[in-house]
Amino acid sequence: MLIPHPLLGPRDSSEFSYLGDASLMDRPDGMAPDAAERFHDYVHLRDNPAGIHRELWFHEQGDRSWLVVTRNTVTHEILGAELARDARKGGAA
Amino acid sequence: MWRNPDPQPSYDYVIIGGGGHGLATAYYLANTFKKSRIAVLEKSWLGSGNIGRNTTIIRSNYLLPGNEPFYEFSMKLWEGLEQEFNFNAMVSQRGILNLLHTDAQRDAYRRRGNAMILAGADAELLDRDGVRAMYPWLNFDNARFPIKGGLLQRRAGTARHDGVAWGYARGADRAGVDLIQNCEVTGMRIENGRICGVETSRGYIAAGKVGVAVAGSSGRVMAMAGMRLPIESHVLQAFVSEGLKPVIDGVITFGAGHFYVSQSDKGGLVFGGDIDGYNSYAQRGNLGVVEDVAQGGMALMPMIGRARLLRIWGGIMDMSMDGSPIIDRTRIEGLFLNAGWCYGGFKATPASGYAFAHLLATDTPLESARAYRLDRFARGYPIDEKGMGATPNLH
Numbered sequence: 262m263l264i265p266h267p268l269l270g271p272r273d274s275s276e277f278s279y280l281g282d283a284s285l286m287d288r289p290d291g292m293a294p295d296a297a298e299r300f301h302d303y304v305h306l307r308d309n310p311a312g313i314h315r316e317l318w319f320h321e322q323g324d325r326s327w328l329v330v331t332r333n334t335v336t337h338e339i340l341g342a343e344l345a346r347d348a349r350k351g352g353a354a
Numbered sequence: 002m003w004r005n006p007d008p009q010p011s012y013d014y015v016i017i018g019g020g021g022h023g024l025a026t027a028y029y030l031a032n033t034f035k036k037s038r039i040a041v042l043e044k045s046w047l048g049s050g051n052i053g054r055n056t057t058i059i060r061s062n063y064l065l066p067g068n069e070p071f072y073e074f075s076m077k078l079w080e081g082l083e084q085e086f087n088f089n090a091m092v093s094q095r096g097i098l099n100l101l102h103t104d105a106q107r108d109a110y111r112r113r114g115n116a117m118i119l120a121g122a123d124a125e126l127l128d129r130d131g132v133r134a135m136y137p138w139l140n141f142d143n144a145r146f147p148i149k150g151g152l153l154q155r156r157a158g159t160a161r162h163d164g165v166a167w168g169y170a171r172g173a174d175r176a177g178v179d180l181i182q183n184c185e186v187t188g189m190r191i192e193n194g195r196i197c198g199v200e201t202s203r204g205y206i207a208a209g210k211v212g213v214a215v216a217g218s219s220g221r222v223m224a225m226a227g228m229r230l231p232i233e234s235h236v237l238q239a240f241v242s243e244g245l246k247p248v249i250d251g252v253i254t255f256g257a258g259h260f261y262v263s264q265s266d267k268g269g270l271v272f273g274g275d276i277d278g279y280n281s282y283a284q285r286g287n288l289g290v291v292e293d294v295a296q297g298g299m300a301l302m303p304m305i306g307r308a309r310l311l312r313i314w315g316g317i318m319d320m321s322m323d324g325s326p327i328i329d330r331t332r333i334e335g336l337f338l339n340a341g342w343c344y345g346g347f348k349a350t351p352a353s354g355y356a357f358a359h360l361l362a363t364d365t366p367l368e369s370a371r372a373y374r375l376d377r378f379a380r381g382y383p384i385d386e387k388g389m390g391a392t393p394n395l396h
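Residue numbers (the numbering used here), protein chains in the order written: chain A, 262 to 354; chain B, 2 to 396.
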């Protein structure tokens with residue numbers, strides 16, 4: 262798989278390490294009264310969709326940036342990639 | 002081999018998933034627990050998932066008390082399986098050897114071997130000469146990863162994957178279980194917190210209890226019940242070489258990378274390594290892992306470089322948050338879950354079916370499967386053999 266890095270162009274996926282669902286960027290509030298339950302869900306439960314999946318890849322063998330890659334888990338087609346910090350700024354994640 | 006019945010309007014027990022675990026569940030439910038009015042619903046043909054895609058290894062060489070008694074129970078079921086269902090599953094106890102390369106690894110394997118023996122399994126720690134006597138052609142003096150010994154389980158081995166599915170299917174069918182193929186579950190009817198039945202591509206089927214055994218697709222199926230699981234689906238690749246004369250009579254695992262190899266009775270070297278590491282439902286992987294597995298093979302047994310690869314394929318694994326499975330009820334009354342087998346589901350097939358049938362029939366867990374609870378993450382009792390934490394792609 263080639264990941265279209267927004268700064269470096271197409272890079273082989275083997276340069277990256279994979280973390281998982283991009284919703285992991287949204288940590289629950291640790292001070293909330295139901296924090297224990299929300300952190301359980303955050304750490305352990307996944308939507309695990311068959312189809313479009315937004316996910317975090319770390320360019321470990323490259324510029325060490327975090328990317329949010331949009332990919333189809335049924336076909337492995339990569340539909341786009343953006344810097345995780347931009348994705349957060351836009352509030353899209 | 003078996004009938005091909007149309008679905009009846011209602012059953013006492015509906016098993017979703019006609020793979021190894023689902024068929025074994027139906028088999029034991031009918032034959033051991035003497036239940037009737039049972040159906041297995043399979044969206045494709047029987048045994049079309051991971052039971053037909055694995056590398057056929059059976060073993061009980063786990064460390065943790067939540068796992069080892071269960072896998073040893075499975076090993077004992079394997080030993081009597083062909084007599085049990087009167088079908089040739091080609092169970093071959095040719096032994097599995099886990100190689101060790103460092104002093105720390107020897108300590109870890111000694112501890113593991115002791116844990117296995119405590120649970121009633123067999124284990125032998127071999128020194129370098131012991132390994133050399135078995136497999137003199139291994140790369141003992143690799144500069145980075147010299148072979149210092151190994152942990153041997155002689156009772157482990159291989160079995161014919163399809164034969165297991167067919168044996169259980171025939172035995173279940175003869176006990177009156179309806180095996181319904183080309184019947185995809187498309188929805189679950191849940192009323193007042195209780196499951197009433199399932200919507201399928203062949204109409205609505207009412208059910209007293211529903212057991213889900215669809216590893217690889219667990220997330221998709223349980224989403225129909227509004228549940229999110231502690232599971233990600235990942236692709237694992239497997240490899241077979243062209244047929245060769247007999248060279249490996251057991252199963253060998255490399256201790257310095259992730260690589261394991263055995264030789265089938267047809268002569269092909271059967272081998273594999275890590276999962277690809279990203280969410281996937283594609284049943285095929287990428288070349289990065291192919292290269293990694295090939296490098297592992299070359300480090301362990303340089304002669305493998307002369308073998309030509311015949312086939313590569315992929316299967317979809319239920320990678321759980323601690324690397325261990327789930328056999329439990331759910332918060333929906335009457336709905337039960339058997340999932341999260343990671344890449345170790347094949348060896349567990351008999352015990353998984355037995356334990357799931359026990360749970361469905363008696364509403365209580367089998368003693369050796371008590372740790373496989375769905376709520377163990379919330380309660381703080383994960384069963385994490387590798388100590389990796391909630392990172393499914395690293396287990």
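Since the hints were made in silico from the structure, they are not lab data.
It cannot be assumed that every hint is accurate.
Cβ pair distances, simulated, as ranges [stated by the list, open to error]:
(1) B:N5 with A:P289: 33 to 41 Å
(2) B:E192 with A:Q322: 36 to 44 Å
(3) B:W314 with A:D302: 33 to 41 Å
Taking beta-carbon pairs under 10 Å as the criterion, some of the chain A residues facing chain B (in silico) [what the hints assert, rightly or not]:
(4) D273
(5) H301
(6) W318
(7) H320
(8) E321
(9) R325
(10) T331
(11) L340
(12) G341
In this text, all values refer to a predicted model and were calculated from it rather than measured experimentally.
Note that beta-carbon positions come from the ideal geometry of N, C-alpha and C, so glycine has one too.
Now for the hints, and whether the structure bears them out:
no.	hint	verdict
1	B:N5 with A:P289: 33 to 41 Å	50 Å, violated
2	B:E192 with A:Q322: 36 to 44 Å	53 Å, violated
3	B:W314 with A:D302: 33 to 41 Å	34 Å, holds
4	D273	7 Å, holds
5	H301	5 Å, holds
6	W318	8 Å, holds
7	H320	14 Å, violated
8	E321	12 Å, violated
9	R325	18 Å, violated
10	T331	12 Å, violated
11	L340	14 Å, violated
12	G341	16 Å, violated
Hint check: violations occur at hints 1, 2, 7, 8, 9, 10, 11 and 12; the rest are consistent with the structure.
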